[in-house]
Amino acid sequence: MCPALSSIHGVFILIVGAGRVGSSLARSMLRDGHTVSCLDEDPEAHARLEIGLEKSWEDVGGQFTVGTALEIEALQEAGIERADAFVASTDGDNTNIVIAQIAQRRFNVPTVIARILDPYRAEWYEQQGLHTICPTRVAIEMLETEVKEAAAKVAG
Amino acid sequence: MYVLIVGAGKVGWNLARELLDKGHEVTVIENDRGRYLTVEQELEHNVQYGDASELWVLERAGVSRADLVIAVTGDDEDNMLICQVAKEKYMVDQTIARVNNPRNKQWFELLGIAPVVSATDLILRLIEHEVPKYGLVHLLDLPRERLEIIELLLGDDSPVAGRRVADLELPEGSLLISVLREGAGFVPNPETVLESGDEVLAVLDPGMEDELKAYFGPDGSESG
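Taken in order, these protein sequences are the chains called A and B. Letter by letter, the first sequence follows residues 1 to 156 in the numbering used here. Letter by letter, the second sequence follows residues 1 to 224 in the numbering used here.
Watch out, some of these pointers could steer you wrong.
[As the list claims (entries may be wrong)] Each pair of labels, with its calculated beta carbon distance range:
| # | chain 1 | residue 1 | chain 2 | residue 2 | range |
| --- | --- | --- | --- | --- | --- |
| 1 | B | 122 | A | 28 | 21 to 27 Å |
| 2 | A | 81 | B | 117 | 27 to 33 Å |
| 3 | B | 122 | A | 145 | 27 to 33 Å |
| 4 | B | 126 | A | 117 | 53 to 59 Å |
| 5 | B | 193 | A | 71 | 49 to 55 Å |
| 6 | A | 140 | B | 146 | 43 to 49 Å |
| 7 | A | 32 | B | 205 | 24 to 30 Å |
| 8 | B | 49 | A | 142 | 30 to 36 Å |
| 9 | A | 42 | B | 142 | 40 to 46 Å |
Keep in mind that the hints were calculated from the coordinates and are not lab data. No residue lacks a Cβ here, since even glycine has one placed at the ideal position from N, Cα and C.
Build the full structure now, drawing on both the sequences and the hints.
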C-alpha cells in the first residue's frame with residue numbers, strides 16, 4: 001500500500017475472520033478512512049465489529065458478509081475482485097494459508113497478509129512469497145526478552 | 001516404496017492395510033487420539049499420533065524419504081496444505097489428495113495439487129456410465145498428459161452414421177480408437193462404416209468433448 005495514496009483516497013481492505021484481531025483491525029482501518037469489508041462465517045461476528053461504536057457497523061461505512069471464505073461466491077460478494085489488500089485472520093491456520101493463496105493467485109490482490117500461529121509454517125510460507133504475521137513468534141520473542149532480563153537481574 | 005498416509009479413517013486405514021499387504025513400507029498419521037488408539041491395535045508401529053499440518057509431525061514420520069504422500073483426512077484444507085508442503089518443501093515426487101467437497105477441487109488445482117480423488121465425482125462418473133443420459137461418458141482423464149478418453153453413443157440421427165471413418169472430418173486433436181457394436185469392440189480402420197447405435201471411444205485433448213459431441217450429433221438416448 002502506498003501511504004500517500006491511501007491518505008487521499010483510502011484503499012479497499014477485505015478482512016476474512018472478524019475475531020478479536022480482525023475486528024479491531026477493521027475498526028482502525030475504517031477510522032483511517034479506508035473502505036473495509038469483513039467476511040466471517042459467524043453472523044455474531046457483526047456484533048464484535050460494533051464494540052465501542054456509537055452507530056452500527058454499516059452506518060459508519062463498514063461492510064459485512066456472512067459466509068465461508070472457501071466459497072468463491074462469498075469472497076466475491078465481500079468484494080475480493082476490487083480489494084487492494086486482503087487479510088486472512090480466521091482462527092484457523094490452514095484456512096488462512098489457503099485463502100491467502102487464493103487471494104494471491106486467483107484474484108491477484110496486490111497486498112495479501114496471512115495470520116499464521118504456527119511459527120514454522122509461517123516462516124516457510126513467508127519464504128515462498130506469502131506475507132505472514134505470526135503472533136506466536138512475537139509472543140516468544142517478548143517472553144524471551146523479559147525472562148532474559150529477569151535472569152540477568154537475579155544473576156546480578 | 002515408502003508411503004505416508006495422513007488420516008486413519010476408513011479410507012486411510014484400508015489403504016494402509018492394502019499397501020502393507022503388497023509389501024510396501026507405510027506410516028499413517030492420525031490426529032484423533034481415540035481413533036489412533038483403535039487403529040494402533042492393528043497397525044502397531046505403522047501408525048503415529050499427531051497433527052500432520054505441523055511440519056515436525058511430518059518430519060518425524062520421515063516425509064523427506066517418502067515416495068508417495070496420500071492425504072485422505074476429512075478436511076480439504078488439511079489435505080491441500082499437507083500435499084503442498086510435501087511437494088514443495090520436502091520434495092516428495094508424488095502426492096494424492098482426497099477432495100471432500102467437490103467445490104474445493106478448483107483450490108487444489110490452484111495450489112498445484114494433483115491428482116485428486118473425489119468420491120462425489122467418482123459416483124457421478126458411475127452414474128454417467130450406468131445411466132448414459134448425455135450420450136457421452138468420461139472414461140479417463142489424464143490432465144498431466146493433457147489427454148482424455150470419452151465414449152459417445154451414435155444416435156439414429158447422427159450425421160456420421162453410414163459414413164466411412166476415412167471420410168470423417170474429426171476436429172483436430174481427436175482420434176477414434178475403438179468402436180463398440182453389438183457388444184463387441186474393434187479398432188476401426190479407414191474403411192469402417194459407422195452405424196447408429198455404435199459406441200465410439202475417442203481420445204482427445206481436454207476440453208474438446210463438446211466439439212466432438214456436436215460433430216457426432218444427437219444421441220439416441222432421448223428418443224429411447
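Checklist entry - Hint numbers the structure violates, sorted upward? => result 1, 3, 4, 7
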